Each structure stands twice: as C-alpha cells, then as structure tokens.
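Number of protein chains: 2
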Amino acid sequence: MVFKELLNFRLKDISYKRVLSSMCTVPHPLAVKAHIMFLETNLGDPGIFVGTWELERELIKMLGKLLHNEKAAGYICSGGTEANIQGIRAARNLKRAKKPNIVIPKSAHFSFEKIGDLLAVEIRRVGLDEEYRVDVGEVEKAIDENTVAIVGIAGTTELGQVDPIDELSKIAIEKDVPLHVDAAFGGLVLPFLERKIPFDFELEGVTSITLDPHKMGMATIPAGGILFRDESFLKLLEVETPYLTTKYQFTLTGTRPGTGVASSYAVLKGLGFEGMKRIVKKCMENTNYLVEKMGEIGYEPVIEPIMNVVAFKTERAEKIKEELYKRGWVISTIREPKAIRMVVMPHVTKEMIDEFVEELKKI
Amino acid sequence: MVFKELLNFRLKDISYKRVLSSMCTVPHPLAVKAHIMFLETNLGDPGIFVGTWELERELIKMLGKLLHNEKAAGYICSGGTEANIQGIRAARNLKRAKKPNIVIPKSAHFSFEKIGDLLAVEIRRVGLDEEYRVDVGEVEKAIDENTVAIVGIAGTTELGQVDPIDELSKIAIEKDVPLHVDAAFGGLVLPFLERKIPFDFELEGVTSITLDPHKMGMATIPAGGILFRDESFLKLLEVETPYLTTKYQFTLTGTRPGTGVASSYAVLKGLGFEGMKRIVKKCMENTNYLVEKMGEIGYEPVIEPIMNVVAFKTERAEKIKEELYKRGWVISTIREPKAIRMVVMPHVTKEMIDEFVEELKKI
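Here the protein sequences line up with chains A and B, keeping their order.
Numbered by my numbering, the letters in the first sequence go through residues 5 to 367 in order.
Numbered by my numbering, the letters in the second sequence go through residues 5 to 367 in order.
Keep in mind that the hints are not guaranteed to be accurate.
Where chains are identical, the list cannot tell them apart; a pair therefore holds if satisfied intra-copy or between any two copies.
The list that follows gives simulated cross-link-like pairs (lysine-lysine, DSSO-like), each with its CA atoms no further than 27 Å apart [to be verified]:
1) 21 with 286
2) 8 with 273
3) 16 with 37
4) 8 with 37
5) 99 with 317
6) 8 with 103
7) 239 with 174
8) 8 with 281
9) 317 with 179
10) 323 with 21
11) 21 with 37
12) 110 with 239
13) 239 with 103
14) 281 with 354
15) 65 with 16
16) 325 with 65
17) 323 with 37
Since the hints were derived computationally from the structure, they do not count as laboratory data.
Since the model is a prediction, treat every value here as computed from it, not as a measurement.
With the rest of the complex left out, here is chain A (with noise of 0.2 Å):
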C-alpha cells in the first residue's frame, strides 16, 4: 500500500533524460551497487564501522594523488555546501581574525552567502575579467588583516570556468592567507582533460579543496569530498566526543553514511583513470555537439566551453526556461551576461541533445 503511494510520488519527478540544468546526474551502476552493500552503514562510529572508514581513508588517499597530494587529509560529506564550510572554517580558526572575512569571485556559488551567514564572516564578492575568471588584482585589493580566506573556483556553477589559481596561490603565499580551491564540479573532470589546467595542491597556495564525487563521480548522492593540505587542519575542526568508540570528531555532522564512500571508490577504481577519462571526452565530445547544434539555430555560447558547463546569450532566458520547464525539459539561466545554461552531464546523450534542440527551435 504505502509503496504504492511513494511510486506515485516518484512518478511525478522529472526524469533525468529531460534534465540539462544539475550538476548531478543518474548515479553509475558500479555506485548503486557499492551504494547498496554499504546501505546500514554510518562513518559518525568508526569503532563499528572499522572496515568502512578504513575505506574512507583509501578514498582520500586515491583522491589525494588525484590531486597532487599524497598527504592530503579529508573526509566524505554531504555535499558541495558542507565542503566548503568546513574549508572556510578552518580557515578561520587557524587565523582567529577579530572580524573575519573572505575573499570570493562574483561568480562563487550562492551557498558562499549560506557560508557567511552561518560561520559569521563577511563575504567579499570581487569582480571577474572578460572571460569570467576571478580578476586578480580586485582580490589583492580587498584582502586585509581581517581576511582569513581567498576562495577561487575550478568549474564555476554558471560557466564552468575555472579561476587563475596559480596566481591567487602567489597572493595567497604572499599575504599568509589560506587558499580554498572549490573544485565541487571540476575536481573530478579537470584532471582528465586534455588541456592541463593547474588547480589543485600542485600549487603551494591551495590549503583545501572541495572536490565532490556526487557530481562528476557519478557517486550516489550524498558524496562531497572536503580535501586539507595536511593533517593539521582538521584539528581546527575537532571536538571531543564523550560518547563514541574515538575520541574526537573533526566532520560537520555526526551521524554520516558509508555510502558515498562505497559508490565513489567503486567508480573511480572500478573504470579506473582510463575509464574516468573517456566518460569526461564524451561529456566534451557531447557539449561540442550541443555547440554546434546551437550555433546552428542562432546560439552564441558566453564563452568557448572549459569543461562540460554552457550558456548561450539570449535577453530571453527566463521566457526560454519557462516555456521549456512547461514542455517536460529543464534548463537553467544566469543573469550576467543574460543566457541559458546547460550542463551536459554522462547522462545526457547526442539524441537527447538532437530532441532539446528540436523542442527549442518551437519555442
């Protein structure tokens, strides 16, 4: 009875195979499998789930010589969000500043200002040159002895651009100022592209990282992944917890699910780095096709696609959202410059990209 009431529920979700707008895609079949063995466990008791936080400590190790660092400490949260407080927290706890505040490019995801509220630092949105990257010499001016992180993204939310880190790690270095990469969506496309794009612990600046595995990892949701240069920043995080088989705790929440582990390392050593890499080249391969295909219909992208993020200028965005989101598809917009936006995740094939373009030339 009641599992008939939920499918009818379920049924009302719009399915994937009409969705162009979320970073987060139809999770691969290695992690629902992974996922489903590991259902009943909960990373907040690592005395009982030994095995399963042993796995944690793989994962970040794999993800860690991913990233240039073998060294690098961090755990699996629950999303993007939890990611990057606990990076900008840290921060803030290692430079105890009498009134903190960060600085973020313009194009910084919305939850920044979550951050902000929450953690009570003021947030510094700073300007972006021509091709939406971070402008470099707006963030040395708005650093002062009160700043206690500069933030640059690697696959901004709007256009997938990334932000010059090696260049705000020098300032970083130069002015003792943590560094916080958030590489959310491009952690896990930028290290099998084609193009080398430095973004990561490589470069001395970059404190953390926010790298999550539910969104080009094909992970099941929830799996972010929070990365630390070393060791040493998760005692900022730590409080003591009396009632546990350990002795502290350094996550944001307690109670925490061993499934993201399990679906993110079936993924990323089930298909191996050869595997990951092919899954990015299509998602290229298929955003170059939505390009051409645009272009074709009159389309102009903002800028030349980095990675697998896209928008196409128009002054009629939110009519175009609107009308598409009432035919079954869903899109999204961004506001500067005005245009729509489309992600092309694995689950998004050249058929599907063919059918949009056929439902949008209708419109």
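We have chain A already, so just place chain B on it with the hints.
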C-alpha cells in the same frame, strides 16, 4: 574485482548483533525498499524532483501532527547535528544579539560545542538536578540580554532523560527567548510510550524540535529532521538560489538525498501509530529485561530508564568497555557518574541481551 575489495572492507565492520552503543539501528525492511526506489533523487532541486518534494511536505505534516502542530514547517536533513545547527541558527538570526549565547543543559550532546564554534555563539552549559534533568533555576539565572536560545533535551544521549520542557517553556515565554528541543532520539519514542511526558509544540514556548527518523524511526541514514513552529522560521535561514528551479533555499546543504524522506515515510506510514507503539513497547520490555539481568549480577541503573537508554554505575566503566570491545561487543560509557551505557534499539533482542550478559560475567 572492486566489489570483492569492497566486501572485504565491509566485513571488517562490527555487526549490529554486537552493538549496544548506537542510537542508530538496522534500517527497517520498508525503509530499505523505499530507499532504493528513491536512490537517484535530489531534494536540492525541487523543480526536478517535484514528487519527492511533495512527499517531503507530506512527511513534515505527518511529523508535525505527531508533535501536536499541524502548521509545523521544516525538512529532512543529514542528522541531529544539522537539525540542531539550524534550530540555533534560526534563533540567533531572529534575536540578532551583539554577543549571542545559548543556555543548554550539561547533558546536551557534544555536537553543541561544534555548533558554538560554527555559529560563533557562546555555549552556557548549566547543571542538572538529582535525576539528571536540567536545573531550571540555573537556566533562569544563566539567561541574559544576549541569550538567543534555550535548549531542552528530550532523550539525553547518556541516560535517555527528559528535561522539564514544560518549565523551560514557561521561562522561554516569560523571557521571550526561543526554546529549541533536541528530541533527536526521544522524538520518535515519547509519542509512543504509555507514560505521557510533554516535550513538543503543545508547550507554547517550544519554537523548534530536532527529531531523527534514522534513530528510532528505523529509516536509512541520512534522515535527521528539524521542525519549526511555523514557516516564518524558515525565512531566517533562506538564501537566494539563482541557478535552481526554486528561488530560495532554507536548508543547510544544497544537494540533498530524497532517500531519507522516502524511508522515513515508508516506516511511519507503513507501520502506522500502532505499529510504532508495538516496536517502542518491545524496546522498553527489552530495556527492562536488561535491567533485570544486570541486576542479577550486581549492576544498578543510574536512573530508572524512561526510554530505551540505560546506564549502569561502575568505577571500572572504561576498562569494561575496552574488554568488551576486544571481544567484539560495543557499549559506551558515561563520565558522571561513571557508568557503562547501552541503547536498546530495535535490533536488540532478549537472546542478544543474554549473550551480552554472559560475556560481561566473564570479565
């Protein structure tokens, strides 16, 4: 290949058949089935997951009714810590004090220290009475013009004790301070007990309640819950969400699984009020059975159990815990008074208690 590896990690976890320390349990079969049905869902994007979002509204209504308030507003989150963060954050944002503080019992969960650090709120822990319930006189004394919230616990982690929420409610009204009730554990025990202990929205001063379906609701992890007296509190948590299908977001995390909503709903609706009552009754019977068996070998409970959490006085608590752990059994300890502590969750049977007591005798 990767699954053999994953299985090896999973097999290192301790089975719930030997766990008496956790407030989590084996998810109910109804929960598992519902979880799998909603595996792909993401409540971070309600315009895509329209049906799952509706289901969540239904679940919140159901929980609201259970807590004597059909107008309750809230959402299903990662767990008790996030729920408590959001309860305190809303209160802090409502009161806007210069140097905010909150007044909480000594018995409050350790995660409140995390919350203090996170939200930059001073934590004032006040003493308990002889029954380990918060001393109401001390609460009153600790409140000043910077107090943004009072916290009461309905089901303390250590003893399952319930603070005099009715008295706290009176103080909250008198002093015009929000009262947050942490019923992460007790919220799905107290409504099903024979003995009626007031703790919820029927007490007028209560503004928010934490209640975790992944504890006594036997839902899959993650399924915490935060409920506010009415929708106005959600406004205090909102940020704008430019790229999503909705305009505002009041949740702490962005991407958010629908699995916890589905699994909570499946259990609560599937079993119904009477079914939940039967399960709670069984847990209480087993708790009393444990007290009886422990009594036979000379252990005395710290307080008569109110719910299915019980602690037994012993100076050797730490030693006993360690010895049992070596033998594959997990219990926990409390510090004041020194005691060993068990939670008699639905996975705990009389047979398991017999085996446990036999093992304990050997030490």
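Consistency of the hints with the structure:
1. 21 with 286: within (17 Å within a copy, 46 Å between copies)
2. 8 with 273: between (37 Å within a copy, 12 Å between copies)
3. 16 with 37: Classified as both; 25 Å inside a copy, 19 Å across copies.
4. 8 with 37: Intra 24 Å, inter 12 Å, cutoff 27 Å: intra and inter.
5. 99 with 317: neither (41 Å within a copy, 43 Å between copies)
6. 8 with 103: neither (54 Å within a copy, 51 Å between copies)
7. 239 with 174: within (25 Å within a copy, 40 Å between copies)
8. 8 with 281: between (40 Å within a copy, 24 Å between copies)
9. 317 with 179: neither (38 Å within a copy, 55 Å between copies)
10. 323 with 21: Within one copy only: 21 Å inside, 57 Å across.
11. 21 with 37: both (22 Å within a copy, 24 Å between copies)
12. 110 with 239: between (30 Å within a copy, 24 Å between copies)
13. 239 with 103: both (22 Å within a copy, 25 Å between copies)
14. 281 with 354: within (18 Å within a copy, 53 Å between copies)
15. 65 with 16: between (40 Å within a copy, 19 Å between copies)
16. 325 with 65: Cα proximity of residue 325 and residue 65: none, with 41 Å in one copy and 31 Å across.
17. 323 with 37: Neither: 40 Å inside a chain and 40 Å across chains, both beyond 27 Å.
Of the numbered hints given earlier, the model fails hints 5, 6, 9, 16 and 17; all others are met.
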